[in-house]
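Q: Construct the complete structure from the given sequences, taking the supplied hints into account.
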Amino acid sequence: MIDVTVAVNGSVRRAAVPPETTLLTLLRDNFQLTGTKLGCDVGDCGACTVIVDGMAVNACLMLAAQTDGRQVLTIEGLATKDKLHPLQKVFEESGALQCGFCGPGMLLSAKALLDENPEPSVYEIRDALAGNLCRCTGYSKIVEAVQDAARMRQTPQAHEAHQLEMHGQDHG
Amino acid sequence: MKPFEYVAARDSQHAVALLAEYGSGAKVLAGGTDLLADLKAAQHSPRVMVDISQAADLKGISLTDDGLRLGALVTHTEIMRSSVIRDYCPALIEAAHTIGAVQTRNLGTIGGNLVTCVPSMDSGPTLLALDAQITVVDLGGQRRMPLSALFVGPRKTSLADGQLLVDIVIPKASVGKPAAFLKFGLRKGQALALVNAAASLWVDGERTTFVAPRIALGAVAPTVIRAPKAEAFLAGLTISPEAMDKAGRIAASEAKPISDFRASADYRRDLIAVLVKRALATAYERSTAQKEHVQ
Amino acid sequence: MADETKTLTRERIALGDLLRHADDKQKLPAAVPPKTVPVEPLVPQPGQQTLAVGQRVTRPDSRNHGLGQTKYIDDLTLPGMLYAKIKRAGIASARIVRIDTSAAEAVPGVMAVITASDIPVNSFGPTFQDQPVLVGDIVRHAGDGVAAVAAVTEQIAAEAVEKIVIEFEPLPAVFDPLEAMQEHAYKIHAPNSNIYASKVIRKGDVEKGFAQSDRIFEGQFTTQMVEHVPLEPHAAIADWDANDRLTVWATIGRITLARADLARTLTLPMSRVRLIGTIVGGNFGGKNEISQEPALALLSKKAGRPVKGVFTRSDEFISTTTRHPFVMNYKTGVTKDGRILARTVRLVLDGGAYCSWSATTLGKACILASGPYNIENLISEAFVVYTNKTMTGAMRGFGAPQVCFAYESQMDDIAKALGIDPIEIRLRNAFGEGAISPTGQSLHSVVVKESLLTAAERFGWEERP
Chain A
0 MIDVTVAVNG SVRRAAVPPE TTLLTLLRDN FQLTGTKLGC DVGDCGACTV
50 IVDGMAVNAC LMLAAQTDGR QVLTIEGLAT KDKLHPLQKV FEESGALQCG
100 FCGPGMLLSA KALLDENPEP SVYEIRDALA GNLCRCTGYS KIVEAVQDAA
150 RMRQTPQAHE AHQLEMHGQD HG
Chain B
0 MKPFEYVAAR DSQHAVALLA EYGSGAKVLA GGTDLLADLK AAQHSPRVMV
50 DISQAADLKG ISLTDDGLRL GALVTHTEIM RSSVIRDYCP ALIEAAHTIG
100 AVQTRNLGTI GGNLVTCVPS MDSGPTLLAL DAQITVVDLG GQRRMPLSAL
150 FVGPRKTSLA DGQLLVDIVI PKASVGKPAA FLKFGLRKGQ ALALVNAAAS
200 LWVDGERTTF VAPRIALGAV APTVIRAPKA EAFLAGLTIS PEAMDKAGRI
250 AASEAKPISD FRASADYRRD LIAVLVKRAL ATAYERSTAQ KEHVQ
Chain C
0 MADETKTLTR ERIALGDLLR HADDKQKLPA AVPPKTVPVE PLVPQPGQQT
50 LAVGQRVTRP DSRNHGLGQT KYIDDLTLPG MLYAKIKRAG IASARIVRID
100 TSAAEAVPGV MAVITASDIP VNSFGPTFQD QPVLVGDIVR HAGDGVAAVA
150 AVTEQIAAEA VEKIVIEFEP LPAVFDPLEA MQEHAYKIHA PNSNIYASKV
200 IRKGDVEKGF AQSDRIFEGQ FTTQMVEHVP LEPHAAIADW DANDRLTVWA
250 TIGRITLARA DLARTLTLPM SRVRLIGTIV GGNFGGKNEI SQEPALALLS
300 KKAGRPVKGV FTRSDEFIST TTRHPFVMNY KTGVTKDGRI LARTVRLVLD
350 GGAYCSWSAT TLGKACILAS GPYNIENLIS EAFVVYTNKT MTGAMRGFGA
400 PQVCFAYESQ MDDIAKALGI DPIEIRLRNA FGEGAISPTG QSLHSVVVKE
450 SLLTAAERFG WEERP
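If you read the sequences in order, they're chains A, B and C. No gaps in the numbering here: position 100 of the first sequence is 99 in numbering that gives the first Met the number 0, and each next residue is one more. No gaps in the numbering here: position 104 of the second sequence is 103 in numbering that gives the first Met the number 0, and each next residue is one more. No gaps in the numbering here: position 12 of the third sequence is 11 in numbering that gives the first Met the number 0, and each next residue is one more.
A hint or two may mislead.
Claimed, not checked - Cβ pair distances, simulated, as ranges: (1) C/Ser444 - B/Ala41: 43 to 51 angstroms; (2) A/Asp28 - B/Pro153: 29 to 37 angstroms; (3) C/Arg338 - B/Phe260: 55 to 63 angstroms; (4) A/Gly68 - B/Asp37: 24 to 32 angstroms; (5) B/Phe260 - C/Glu407: 44 to 52 angstroms; (6) A/Asp114 - B/Leu236: 29 to 37 angstroms.
Keep in mind that the hints were calculated from the coordinates and are not lab data. We put the CB at the ideal spot given by N, CA and C, even for glycine.
A: Following this line, the structure appears as structure tokens:
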């Protein structure tokens, strides 16, 4: 067994796991953080995307042992108890989440992008999300949501105006 | 995956010692983007996984007296962000960008890409076209050799058990050499190359003659290959679109593409001709911004 | 060996006090209960646009999706739960001579192994019950399940599955539906013909229509097999209570059908079967019938513990239903100004190893095969044929996309040959209000022409280069 000590969403977590355990299994089974999903287990679909030391990675392609001493952000760490992350807010409002299974991975890839590039072009958004597959939405609303989140982080007023233009009065 | 033991190497020396200890029972883990995916389907796991991903002396991009050095653990993302590479070899950035997606580029390493040695590897052609050298280390010491000596066949390198790829060096004579890389896949992201190609060339003072042209092709032979006949055709020739076009067709005849479910051999040959022509054209365009070639 | 792992010199996070993971310390956002969505009856009149069209509707479940709090089946665990893996045949057509599960049963951590002989009624299917839960004798496609194992971890179950020894006697196989239709072809469900369903629609007199036509166009159009690839693989959990009542959590869309199939295969009264259709990570038609659920239930009964099974992505491709490949022959007679006078259509559906939703697909495809066009003289005939390939079943469109590709492609061919604008030729033939469908149905709220014209305007059809 390997002892792994890793900071997940700001809290130090510890587990003793067989060496072949992936980060994905560590998160889902050992830490009961099931927001990160298993879609293919070989790094093709991106449903297992998490952020390790600031980098978006496929949790299924990292060994738990490789995360010892590092910082991991999962979808559960994006919101606080009272407040959604801007990306979560706009994804929810824009119809960017249908079945929701790609959502956690997609949101974290989008966060990694916006943290580095606050005003991405459509091309840059598509490039950043190329490793996250979605079978439901056809991607358009996801790209729009990321643009809107970027706008929201720049100027919250611009976001409000955009929402009003797109959706009219709040029906919810 | 099936069970294995795990040990982490501090640096390349430690890694070599571990590899010597475990012999053929060891597998080297760097980025893991190929290795772990393969192991999930594999019949057997290695006895020991030797994790070199934290070995600091295998990282880093720098200009040295020898040339432009990339540590084996340099990731594709690091290549894309390197101002040194942007200044002296932007074709490497083009190549790195075509690999997988952000997640795989953040973990995947240039050394891993070379050592996994699939014929369609995206890092190989540009490096071959720049006459890259590699450093290999084992208990007996370290050796420098041409990159081409690494590639033996599909998924087969010349590395023996106990040997470790340490770095890749673009020799001084090729630093700043105008080059270009093109890949054709069935998608723009997360796609294997049906064909990929790199070309590099110097030009004479008047910019009218090909000097030291190099053409490298991937996914169309058991390993990444050069196209020596096309290179010989171009060397000393007056630069023209027709020359580039003909070189493309000669290169296509030098390749041995196969037909598979992704494409036919004929289609691949057509692609080679087009990609080589375009790579030569782009390399030529870059020759106007040719950096002072480091003497 | 243990010492070697402590050679890492990078900084470790200071441990401090290990936190107790109380909910507020973890700052895990509370799952928000669903909003009450007001329900107002809207009764639109035919031809009238409802108020709902064009409105933005928020999905209440998006809140939990975005938080990562939605519980899909693989996120659920029950105390003592075991993990199941299924052994796939790996050969397209064969007779099973012998199965030896003893080596699998001996693996430490394996709690139950089952084969076909453990299944009370080993057949299911939405139309014909031609599919076994696990194959006992004849393997009909490489993804056919042959045995199932439940173990304390997924890794052990996967290891045990590899230790199951099966002796196969290879049988002839047929992979092409046109070949499979021939008299002499290998019979996949002997003694029955490989053509397992057919449909014919006849209207008017096609011979007369062709005779009156100025031009006749013939073409063959084919489409390929497509896999749904839902991001969430097929998954289910089976558990029994002490009163011999079965509970199954499954990704299945058709709950009542699944419950009936479970009752039937396990010879239980339906009153003892509780099926919970959970929130699903994509269905698209591929999760509309049972697959591993009866096997999981039997493993659970044998082991005395709940059993979860999650398909690997490889299982998804070889062992779940796919979209039917079609081979379509269209013969269309037109006047010189592009009006269709007669059409014959012959559809051959590649029906895979088992029927699944093929009969329904066949019906829809046949009815829709002639397109939204007024055709007085028509014969549409369709056949679905067994092949030794992955089952073909329901997938969005249910036969409509394939025939649409064919009739619209041919329409473009005809327009080009006659020198008529592709939109214009469609307007000349398209259904209008009160049009009669191939099966004699009078159609209302028909807006084919209006849609085409609106779309053409929005796409800038006139301005195209």
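Q: Now, for every hint given, state plainly whether the structure supports it.
A: How the hints compare with the structure:
1. C/Ser444 - B/Ala41: 43 to 51 angstroms: violated (57 angstroms)
2. A/Asp28 - B/Pro153: 29 to 37 angstroms: holds (36 angstroms)
3. C/Arg338 - B/Phe260: 55 to 63 angstroms: Violated, at about 42 angstroms.
4. A/Gly68 - B/Asp37: 24 to 32 angstroms: holds (27 angstroms)
5. B/Phe260 - C/Glu407: 44 to 52 angstroms: violated (27 angstroms)
6. A/Asp114 - B/Leu236: 29 to 37 angstroms: violated (49 angstroms)
Of the numbered hints stated above, those contradicted by the structure are hints 1, 3, 5 and 6, listed in ascending order.
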